[in-house]
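Novice: Top line first, the protein sequences correspond to chains X and R. Each residue of the first sequence is one higher than the one before, starting from 1 at the first, in my numbering. Each residue of the second sequence is one higher than the one before, starting from 1 at the first, in my numbering.
Honestly, the hints are just simulated from the structure, not real lab data. Since we're looking at a predicted model, the values are computed, not measured. Each hint should be verified, as a subset may be incorrect.
With beta-carbon atoms standing in for the labels, derived distance ranges [said to hold, decoys possible]:
id	chain 1	residue 1	chain 2	residue 2	range
1	R	Met606	X	Cys8	31 to 39 Å
2	R	Ala843	X	Ala32	28 to 36 Å
3	R	Leu913	X	Ser48	34 to 42 Å
4	R	Ala13	X	Pro6	57 to 65 Å
5	R	His585	X	Ala32	32 to 40 Å
6	X	Ser62	R	Lys596	42 to 50 Å
7	R	Val904	X	Pro28	45 to 53 Å
8	X	Tyr38	R	Thr702	52 to 60 Å
9	R	Gly714	X	Pro28	51 to 59 Å
10	R	Thr475	X	Ser62	50 to 58 Å
Idealized CB from N, CA, C, for every residue including glycine.
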Amino acid sequence: MRISCPHCGERDLREYTYLGSAKLLDRPDGDAGAEAFYDYVYIRENPSGENAELWQHSSGCSAWLHVVRNVSTHEILSVKLASEAKA
Amino acid sequence: MSRLPTGGQVDRAAQVSFKFDGKTYAAYSGDTVASALLANDVRLMGRSFKYHRPRGVFTAGSEEPNALLEIGRGAAQLPNTRATMQEIYNGLEARSQNRWPNLNFDMMSFTDFLAPFLSAGFYYKTFMWPRKFWLKIYEPVIRRAAGLGRISGKADTAKYDKAWLHCDLLVIGSGPAGLMAALSAGKAGAKVVLAEEDFLAGGRLNGENLTISGQRGADWAAETVKKLRAMENVIVMTRTAITGAYDGGTYGALQRVSDHVAQAGAAPQQIFWRIVAKQAILAAGAHERPIAFPNNDRPGIMLASAVRTYLHRFGVAAGARVTVFSNNDEGIQTARDLLAAGVEVAALIDTRKDITPEIDCPVLTGSKVIGTKGYLGLKSVSVQRQDGSVTQISTDCLAVAGGWNPSVHLSSHMGRKPVWRDDILAFVPDKNAVPNMHYAGATTGEFSTRAALNSGLEAARAALLALGLSSKRVTLPKVEEAAFDNLAPMQIEGKSRAWLDFQNDVTVKDIKLAHRENFRSVEHMKRYTTLGMATDQGKTSNMGALAVMAELTGQSIPETGTTMFRPPFSPVQMGALAGRNTGKHFLPERRLTSDKFSREMGADWMEAGLWLRPGWFKREGETRWRQSCDREVRMVRNAVGICDVTSLGKIDVQGPDAVAFLNLLYVNKMSTLKIGKVRYGAMLREDGLVMDDGTVARLGETHYLITTTTGAAGQVMAHMEFCSQCLWSELDVHFVSVTEQWAQFAVAGPKSRELLNGLLDTPIDNDVMPYMSCGDAGLGGVAARLFRISFSGEHAYEIAVPAGYGAALMAVLVKAAEAMDGGAYGLEALSVLRIEKGFLTHAEIDGRMTADDLGLGRMVAAKDCIGREMSERVGLVQERQQLVGLKPIGTVKQIVQGAVMVDVGAAPVADNLLGHVSSTCFSPTLEHCLALGFVKNGRARMGDQVRAVDLTQGIDTLCEITSPVFFDPDGGRLRG
């Protein structure tokens, strides 16, 4: 699998570290309550198809990336900096 | 001699000698071990896996199931090497495998007579009783009886490399299709890699007698390769098998760099390439189908294409009197080629009734081979003629032509199965199977050379279009050849076994048994019979087995389906996958700046993450590590000790929002930390459990330096990057790891200030540098940082200097300490000192503990931070196992790390579990063993007695629960 880092260009999978769903970008406010945090920490969709994920270019520029990937075909559909992906 | 007087592409001027099973033979450069053995009339090359049946070479290529040999001697001995792929070199030593005492007389061949008991899945049914016999008797015996080659058991001495290669177009296979595609793409200026598994490019052109543009096919191939090699944008890689197709246009490739020479010299033995290609063309050709008939596995029976390859490429007659058996025109071609070379053809047996080939040998149409004779090598075949009569034909070689299977393997590596083509009765690649892969030649089911050349051009055109390059005009060479019809795979019934999978000894009967026992899906059939599961991955057997199963179930072959092809296409040695990452090179090693100095002091070393740290410094008269460790602990408690603590993670945090950021990272409040002060802090994960602990030092208005534990430095850095980029990108904060930029040393003990004041440019006192403070310092003009922090419980400092001064400072500090009855101390003493004080490491912070479990509950501030909300959920606040100290009070004085805690009268079983022991040591200060551990509601049970039980060693220790702070509980020594 190859991911195009917005800073460094297309690089092999080995340079990246996977974290999980891009849902992790949407951290509830500190006072949102247990229910909201439970949902944030544990509840995940399990799609067979497109999934928005967080990857870090850990052996490169250290940028956290928002990657849309088809988890069935491993096709990378889009890559942007996580800091720019938040709505 | 079976070597013909002329012909072939071997270099007859370059004679070499090699050994097979101890006997010396002659060969020519350009031979494979298989062709060389055939040239020397050696037909018997191995024994089969299960029945120890005598076997000879069956193919002339990568798909070889039978002729597997051990090559080389000593540590470099390489088992299961295909004789058809191993190039000959002078002095090569090859040995047959899976036989005892020798190849001609194999004692283990009695297993062949046991065949009725060793049918498919026998190990699921037999040798079950008595139950305890399996492990000690049945399994060892079966394992010894079955099998392939032996490894040397010694560490591999060969060097391997791993490498990357990037190109526009990867062409897989150098037959007519691949050569044409590479030529066309090369001329268009694309960066092309042409990979060929064989050592000679050309594919079938080397094994056939055909003419391209008025040239011999092999000469046209050689000339085309020469043109390609002359192009700067083309890399021709022979001896390179593409082993797998992966996501994103990545391909695995094994290049056998030095397998064809006696000594690799400076070059690696093999290189495992990862080739990244924007476009790819699969032109891997096809594998000829065998025909299953009774006793079709004797040495001397081989594929007709192999017979032609040995003839045309190596100038070797595969037999003195060859019989040809086929269901298609390849049989006629084979017989004609043999006759033209002066080889006697006993008969051409064709299953078709309606053909009348013009050929100068006996022709039996509408006939089939129904049996063979010759234990160690073929002697005769029984042929059933059209009228039902049976004829014996004496012969030493049977060339079998059963049609062709396109080599679709790489096309299914990404999960798509191949598709069936009714017109050619074969599977071909699904065109959408691998993104950006095109298909050309026999792989697509177009078996003629003309179609191969043409489809090579077409595939190149499609690839160039996708690359945005324009095709240059390339003329299609002219070929003279007859059309070819593929026919259905066939098997012939009989009393004796008819082999499908030669390597794993799977016969038509086994498939029938699998069908009877309802293992009818191909995936079940495969695993029940082990068909296609040997090192050749069933390249010659899968189709035949499918056809048998299809017939039994009354389904068509496409309805029956095909199993998934997975990487690697051909065997890859583990060494090649490891490359140079073996032994000490498996992981990088991080060394302290004081490494050399510590070595000179005779340190014993311990690994802490990737770091090498001194465990203890042995002095004269000390014979056991405990003596050194105890002395070092006493040294720190009574005088002063020096320890290199550089390996702790150091992260420099700066920016207007640095403090806001740290407030969100740590459970405790960092906003109240004053300049020049240090605070101990803990970080949680978002699930509420503790991630790491360390110190935060405020160096300036917006400048902080945080430390992490040695092992968690990388994790904490990535976590901070996540928080800053993904959660709070609006905060203006920057941070960088400075672990390696600063060498840092602990100066610990009652005499630590006295020692430092002898070295510092400006002396310090308790007002300038009280406990938990930090500041700049000078050391002979070198700008240093001084921290009044302690991991030993003593009056202590950590002094940091730019890493280049680390070694010098260590030497100065140790010399000064030794003058004060102190000295260097290592990781063992450091650990004892911190256990005596109840300080934490990752033995306690094991990813399952809350801040409160660890006794840090009071630190958690009422503010948002990572993990705070989740740390308050029900499961994390009640009935928790809490950090306590443990002191042995019974006759057993030792407490074992990892021991489980139970109440005094309770059995050590899961239901009674109270907790576990996380750290233990012998305390030279208190003169007994002590431990840190976790006990359910432990803080409310001070003074209670519990047991620490280690069931693996049978050590059961009666303990008293104490405070985790064993020594100096009010911390007077820290502040002094």
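Novice: Now, for every hint given, state plainly whether the structure supports it.
Specialist: Hints, verified against the model:
1. At roughly 36 Å, the beta carbons of methionine 606 (chain R) and cysteine 8 (chain X) sit within the given window of 31 to 39 Å.
2. In this structure, alanine 843 (chain R) and alanine 32 (chain X) meet the distance hint of 28 to 36 Å, their C-beta atoms being roughly 35 Å apart.
3. Checking the proposed 34 to 42 Å range against leucine 913 (chain R) and serine 48 (chain X) shows it holds: the Cβ atoms sit about 40 Å from each other.
4. Separated by about 60 Å at the C-beta atoms, alanine 13 (chain R) and proline 6 (chain X) satisfy the suggested range of 57 to 65 Å.
5. The hinted range of 32 to 40 Å is not satisfied by histidine 585 (chain R) and alanine 32 (chain X), whose Cβ atoms lie roughly 48 Å apart.
6. Against the hinted window of 42 to 50 Å, the Cβ-Cβ separation of serine 62 (chain X) and lysine 596 (chain R) comes to about 31 Å, which falls outside the hint.
7. Between valine 904 (chain R) and proline 28 (chain X) the beta carbons are some 46 Å apart, a value that agrees with the proposed interval 45 to 53 Å.
8. Under the hint 52 to 60 Å, the C-beta atoms of tyrosine 38 (chain X) and threonine 702 (chain R), about 35 Å apart, miss the expected range.
9. Checked against the given bound of 51 to 59 Å, the beta carbons of glycine 714 (chain R) and proline 28 (chain X), roughly 27 Å apart, lie outside it.
10. At roughly 53 Å, the beta-carbon separation of threonine 475 (chain R) and serine 62 (chain X) lies within the given 50 to 58 Å, and the hint holds.
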